[in-house]
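Chains A and B are the protein sequences, given in the same order.
Each residue of the first sequence is one higher than the one before, starting from 1 at the first, in our numbering.
Each residue of the second sequence is one higher than the one before, starting from 1 at the first, in our numbering.
Hints are supplied without guarantee of correctness; some may be wrong.
[As the list claims (entries may be wrong)] Where chain B lies over chain A, by a calculated footprint (3+ residues, C-beta under 8 Å):
id, region
1, 21-31
2, 35-42
3, 220-231
[To be verified] Derived, one-sided and incomplete: chain B residues facing chain A with beta-carbon distance under 7 Å:
id, residue
4, A263
5, I295
6, F329
7, F333
These aren't lab readings, by the way, just hints derived from the structure by calculation.
Each residue gets a CB set at the ideal place from its N, CA and C atoms; glycine is no exception.
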Amino acid sequence: MFGKWQLRDHEAEQRIFNRRLLIAGLIIFLLFCALILKLVNLQVTQFEYFSARSDGNRLHSQYVPPARGLIFDRNGELLADNQPIFNLTVVHEQVEDLDETLEFLRGLIRLTDDDVEQFRARLERSRVPFASVPLRYVLSEDEKSRIAVNGHHLEGVTIEPQFVRHYPLGSLAAHSLGYVSEINRTELDALSENDKENYGGTNHIGKTGIERTYEDLLHGEVGYEIVEKNNRGQVMRYLDRTDPVAGKNITLHLDAQLQRAAQEALGQFRGAVVAIEPATGGILAMVSKPGFDPNLFVTGISSLDYDILVTDTVNTPLFDRSTNPYPPGSTVKPFLGLAGLHHEFVDYDFAIEDPGYFRLPGVSYRWGDYTLRTAIGGGHGHTDLQKAIYQSCDVFFYDLGNRMGIDTIQSFMGQFGFGENFALDVSYARTGVLPSREWKQQSRGEPWYPGDTINSSIGQGYMWATPLQLAAAVSIVANKGEVVEPRMLKEIDGEPYLPSNKNSVPDVMLNDPDYWRYIEESMAMVVHRPFSDQFRDYGTAFEAIAMQDRNMAYKMAGKSGSAQVVGISQEILSSTDIVVSDLNKDHGLFISFAPAQNSEIPPQIAVAVFVENGEHGSSVAGPIAKAVTDKYLNEILKIDFKETETMPRKSNLKQSRLPTGTDG
Amino acid sequence: MVNSDFVRQATGFHSESVRGKNISHIIHADPVLLAGVVVLCLFGLFVLFSASDADLNVIQRQGLVMLVGLVVMLVVAQFDVHTIRGWAPSMYAVGLGLLLLVLFIGVETNGAKSWIDLPGLPSFQPSEVLKILVPLLVAWYLASRPLPPRFKHIFWSAVMILLPTGLIIIQNDTGTAIMVAMSGIFVMLLAGIRWRLVFTLAFGLLLASPVWYLFLAQEHQKNRILTFFDPYRDPTGAGYNIIQSQIAIGSGGLSGKGFGNGAQSHLDFIPESNTDFILAVLAEEFGLLGIVFLICLYLFVLARGFFIAYLARDMFSRLLAGSITLTFFSYVFVNMAMVSGLLPVIGLPLPFISRGGTSILTLFIGFGLLMSIQTHRKIKSK
Chain A
1 MFGKWQLRDH EAEQRIFNRR LLIAGLIIFL LFCALILKLV NLQVTQFEYF SARSDGNRLH
61 SQYVPPARGL IFDRNGELLA DNQPIFNLTV VHEQVEDLDE TLEFLRGLIR LTDDDVEQFR
121 ARLERSRVPF ASVPLRYVLS EDEKSRIAVN GHHLEGVTIE PQFVRHYPLG SLAAHSLGYV
181 SEINRTELDA LSENDKENYG GTNHIGKTGI ERTYEDLLHG EVGYEIVEKN NRGQVMRYLD
241 RTDPVAGKNI TLHLDAQLQR AAQEALGQFR GAVVAIEPAT GGILAMVSKP GFDPNLFVTG
301 ISSLDYDILV TDTVNTPLFD RSTNPYPPGS TVKPFLGLAG LHHEFVDYDF AIEDPGYFRL
361 PGVSYRWGDY TLRTAIGGGH GHTDLQKAIY QSCDVFFYDL GNRMGIDTIQ SFMGQFGFGE
421 NFALDVSYAR TGVLPSREWK QQSRGEPWYP GDTINSSIGQ GYMWATPLQL AAAVSIVANK
481 GEVVEPRMLK EIDGEPYLPS NKNSVPDVML NDPDYWRYIE ESMAMVVHRP FSDQFRDYGT
541 AFEAIAMQDR NMAYKMAGKS GSAQVVGISQ EILSSTDIVV SDLNKDHGLF ISFAPAQNSE
601 IPPQIAVAVF VENGEHGSSV AGPIAKAVTD KYLNEILKID FKETETMPRK SNLKQSRLPT
661 GTDG
Chain B
1 MVNSDFVRQA TGFHSESVRG KNISHIIHAD PVLLAGVVVL CLFGLFVLFS ASDADLNVIQ
61 RQGLVMLVGL VVMLVVAQFD VHTIRGWAPS MYAVGLGLLL LVLFIGVETN GAKSWIDLPG
121 LPSFQPSEVL KILVPLLVAW YLASRPLPPR FKHIFWSAVM ILLPTGLIII QNDTGTAIMV
181 AMSGIFVMLL AGIRWRLVFT LAFGLLLASP VWYLFLAQEH QKNRILTFFD PYRDPTGAGY
241 NIIQSQIAIG SGGLSGKGFG NGAQSHLDFI PESNTDFILA VLAEEFGLLG IVFLICLYLF
301 VLARGFFIAY LARDMFSRLL AGSITLTFFS YVFVNMAMVS GLLPVIGLPL PFISRGGTSI
361 LTLFIGFGLL MSIQTHRKIK SK
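The shape of chain B in the complex, shown without the other chains (with noise of 0.2 Å):
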């Protein structure tokens, strides 16, 4: 280690520092992943205060989640990521294994079946690993075979998108299955599937989301649809959340209403202010300004995924960090998209910012992988 720490110095290779690349490399961590991740927790933490009425509980146990998070990211970096390769199929049957126990032991929690609580353990929902896994998997598959991939590859990396999806629509949990799809499909998306296979399965479920909303979507997945293009047909029922969020974003104007002073999340007009729409409070508080600067913390660690994806040396590597990056990405639009107006209300956090447990994990686990195809890939390429 330190030998080779020592030809990298020699070389000169990157700009940053001597002494900051040698400490990021002995714990390897990605110094700029880090920084953005440390700030957008510690925004988080800022933002959830005023959300929870300066809860200080709510405080303490959602930064004692961070910090774990942050060690469980750091974690996952000292493995290399082609270990982790190795181990994916085996981790994705395990994935699959808890998303069939929780059909039995699961326990309920907002109308979805995906928690086990065992005792003795924190209660934990698989369903959230599965985000990181099927990317895992998939990569694992398509790196190993030519690209763009072949309609062979295409058929069974679809199957190890479907089985899991499947499983947790099964528990009723929509939102984690949609997301958990789409984390498998960027791989094959960045993987080169061709463009018309992309338009045509895209036309296909536009054509067939007719069919689906008649005659195999439930009444409140109806409900749903109806109230994102008319909040006001149930104004006290289920438009409530989103009139309410909306009034809280427009309220807060360009600058907000100021931190602490939101009088729409203060006074409890916006349901799960801690949880998903918690972006209102933001909005409410700070304005304009305050979202575009949240953007802009984003962009900065999306702008860091993608350039460890660009950087990477081998396809598994790529297509894992393009993936988890635009998974993350995924998690910041739907629920911005979603609080705003832009999308039907789908039950997904905000990332960093929204108080939760396994959701923020994951999120770690996916940027510990990253941090460990930034960090190992000088190593392997010697």
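Isolated chain A (complex conformation) (with noise of 0.2 Å):
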């Protein structure tokens, strides 16, 4: 009975095993379809979307920073290159702690809290995930080696090369030639969409000078590159590359050697020098002193460094004095000279006797001579157009002027670019004033009086003029009125570089050309025309040039001035520790080109020279802009004076024109 029921029993449970068993088989067979199902939905039909998740996990893009082009001088001699340095840099994502990261750093290598500052507006800036952004510019190769034996503490920290702005003559042409510095989120929002892209790989930009104006061409083309990067954002491959392309080597009108000497000619002053080549309107030196290292600011100057060069408010060193105003002083006598000729105001034997002031009519105040300021005082006597110009006759100037009026003084001097920036690519350079009734009514709210003429027929007044304008105008005379426009690029990429904009500028057209050879006579005068037993008939600029240098081989012509100090700050009056009387001192100028009064050759070189504070035209900025000419006529460009004349005219010439000047 009980086996019975036993085996009864067992028959059932098989039976309810054997059923459960299949139903578990259902049920496997079931669950391996769904997860089957769910595979294919991942696998087949999402599968174009997992693609591209997964290459967009592994596969990134990212920039290669083109090369900037090269700046060299009219002879090739380098201006700006490119030079490794090395960077430490930090990929965030890789850090475990950034701020222990940076103090062990501190123990390691010099890294000022200015540092830590600059990487942490970096790290804002930054766009892509595991970018490696820069922490500490130009590693030493002590501290590369520091950093590359606690390598293993510093997780996410890595040295890189990089090639960077390098200015070889440091401060030598820093204002003209500018300087690259990281770019600014200004900069960076201020680009276009395209330019953005762009510029994705570079961390600098021009900021000033030639550098800022030439960017596009300096700057070349973004390439990219294809990585295969891991979870840790290490790159494993290189899939893919287009090569970047490199930014235009521009060579420059500039002549390092002129710069140079032009720096050296200032000596201790501070000022600033233009020389131009008439006949191109290359721009052969431009120099403002005292100048400042640009290598400073490529890889972020430091607060104390730049403090020290802003805080400086005599010096300025960051201050362009080349392409800034200043009053012209009695270096616009000859362009004034040309306007009453031409409009015929006066003649070639027009003359005034001069009684050492000037007076207008009905009006008791007397303009005096500021040339006769500090003399025996007197007048000049007889004086002409010729004698106006080498004595520098204020009176004389005044009352050509005064008959002139300012509307055509204006319009007049507006030809030779006062007012304007002829310059095709100093495009920051100042304009100055070249004041005219409207000028004055908008500017001032005031109407012009008779009286701001006669301050403005001597330079002085409203009218301001930039040293790199001097330059151009004095160029135009050397033309004699051919216009070209100052430039700096000469060439790209080996090709010489013609603006199509060249000639918008009118020629000076004067109703009779031989006012042209008059003005250069007068101002040959000023330099060569030596002391007579006449009173006052000498050249202003003779005994500081001419009679320094007997055996000149060159006549120069030129025309010194000097301009009162307007406006000094209260700051600087309220100073102890520079003496005030010497800033309060004239501004000393001079203009030049030359060879003048030259058959066989035409000027070479036109020069201005802007001395702050240095009280002479004549005699300090005089000096200056004969240095630079005798290093241009006659060890650049080695012009051998006695070979180009045959030698029975040489001496001729030189005998004869002499005694012209005394005659005229």
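The two chains are supplied separately, each in an independent frame; assemble them into the complex guided by the hints.
Right, here's the structure in full:
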């Protein structure tokens, strides 16, 4: 009985078990089906999507910055090149604890608060994940090895080589060449979408001078590379690469030797020298002193260095004196003389009797002669235009200016670039002021008074001009009216650069071209007319230039000027550590071109010299112009003035020309 | 032995070749199951080779573990399953003892304090062994009682299951705890526990789950569940594993990127690519076809397990064989479903493919029992 029950039970139990087994098998089958459906969904239906995601994970496009174009002077001397430096960079995502790492690095290398602050700013700007952000530029060999030794503590910190701008000549052409520096948020935002892409791999942008003007040429085009990165952002493979296109190499008209000579000639003075090749308008030298080292700016100037540069309110090293305006003083006289001749207010025979002052009809105020302020007083006596130029007679020009009126002066002087910027590629240069009735009404809200014209006639009052403008204007005189706009850029990648808007400014046309010869002669007398027994009958710059160099091989046409200092800031006046009287001294100016009065060789160089608080144009600025001209004609161009003219004629000319001056 | 072999030869009950039957019976191995396991092992080594970036040390170690496992499997198969049946209560007691020991001298790895690391012995995970001991004991208990089990028997079976499960949960190893519980529950299900009860319990669990979620679940468990429903709520943190593994699987496509070409795995985007997430490597490099091939291998082994359970001559063997096979399936399925995003992430390896020590040995012990059931059947039935 028991056994039978047992047996029946066994069969029933086995039936239950087998049924359950079958159900389990079915469930297994169904679950696997569900799994396979899910996998089909992932691997077949969504294959494209996940493939793209997978590629997105591993493939990264990164920018390859282009090499910035080099800058050469006209003789192929390097003005700006790119040099490798080693930077300390940080990949934020790979650093465990940023603060701790920075603190550790402080103990290892020189790392200022400034560096850290700038680094954090860069970190904010950084757009792509796993980007390496520079922390310190220009590691020394010593620092590099210390980083390498401690590499295992420095996850996410690497040393990366980078090519950065280097200015081998340092402060020599700092203002005109400019500098590159780290691109900032404002500059980045100002770029167009295309340019933003193009600057994707670029850290630096031209901030001033040529570097800024020709940023587009120098920058080049960004390249790309597709890299495969792993989970930790390490590059595993380079898959594809579009090479960057390097920036264009450019050659400037600038002559580094001349630039150097001009800088040396300025000596301890603050000031500016601009030299232009009259035939081409090429700027041969453009110096502003004191300068600064542009290399400081490239890798992020420290705030200490920057403070030194900007707090020096006397020397203002960052201030470009060559493109900022000053009262031109008597250097405007040749241009006014030309205006008088052209508009027939004077002729070669016209002369005044100079009592030493000028008086407007019905006005008791006397305009004195600045040139004679420190001299014995009295006037120049019988004075024609030529004498008024070489003796720099103010009274003659008071009279002439008064008779011409400001409208005539303004329209004539405008042709020489006063009140305008003729330069093609020095767009940052100031335009100065060529005053007019409208200008005064607009800027001062006052009508034009006759006395304003008198002041303007000797380059004072409202008249302001930059050394660059003066050099450009005097080179137009050297060219006998042909206007060639000043320019810096000479060649692009070895191809001569010919701007399309050439001759957009009309040449200066005079009623009688002989006026050019007459003014050139007058200006030559400024330099070469010697002392004689006649009262005040020598060139103002004779003593400082021609008398110092009896064997001067060429003739130089020049004009000195001195300008009263206008508006010294209260800050400087109240400062105790400088001699304020020095800052009150007149600015000395000199403009010139050479060789002058040479039938064989046209003028090769036009120069404008500005010496801040130099006191005298003739004795301080004149010799500087002479030194620059000497350097260029004798040492750089190596013109043999004796060779160019036949022996017998040479002696003739030399003797016959000087008397001409004496006669005039 | 020789004599009994001769008898079976004569009866010709099986279609297996005479020679094969001889050898397999001498070593008590089931040739079909053995073949399936060996092929799985080889395929596992092959995938691991790529997943570990051709790290020969890893492969050698894994190969060694597999060899040891095969030996252990055959050693287990030598014991008559009915002898083992007699040892079930005492082995279970030892297992519980080890679990208690872990509470005191356990070593923590990956947040679970489940390892015993005694000097001179390889470290091991006692909870793993419970996956065998629990079904063994429950099968021992239920097989000698009338089936379908009465409520009283069900209650005691539940106690046998919940005791070790609770201890493992205390070790903070939820994944293993679930698998241990499942291995016991499978025995009860196969024993014929009434559907009404099953559904009532399932329904009860369903109702209780919000309570568990709100009051009992730990933060990381909640996270896993939230991540399961929306991996992109924290794509670089909690959701990272599953997102990257789905990318790997999806980008594998139908036929995969080719052996060793899995970008996701070789560029370290797949975490745990040697262990729990090795299926993603397989899916990326061999595509859907590769996974289907693996599922077929598993199905082959599972089918053989079911067949052994079906052929078994007594209820204990049936319950044990069925439970072992179903537990094996749970491993396979839970891992695959987790990696492909069908289930929340539970730390479970993929049997025979993932790198691992104790977990593989447990599997081999289970298959050893299957073989014992299969090869000692005839002798018993006589």
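Against the structure, the hints:
With 5 residues carrying a beta carbon less than 8 Å from a beta carbon of chain B, the region 21-31 of chain A meets the three-residue requirement, and the given coverage holds. Requiring three or more residues with a Cβ within less than 8 Å of a Cβ of chain B, the coverage given for the region 35-42 of chain A holds, as 6 such residues are present. For the region 220-231 of chain A, the stated coverage by chain B holds: 4 residues have a C-beta nearer than 8 Å to a C-beta of that chain, and at least 3 were required. A hinted interface residue such as B/A263 counts as satisfied when its beta carbon comes closer than 7 Å to some beta carbon of chain A; here the least separation is about 5 Å, so the hint holds.
For B/I295, the suggested interface contact is upheld, since its CB lies about 6 Å from the closest CB of chain A, less than 7 Å. Nearest Cβ of chain A to the Cβ of B/F329: about 6 Å, under the 7 Å cut. The hint holds. Hint status for B/F333: holds, given a least beta-carbon distance of 5 Å to chain A, under 7 Å.
Violated hints are absent here; each numbered hint is respected by the structure.
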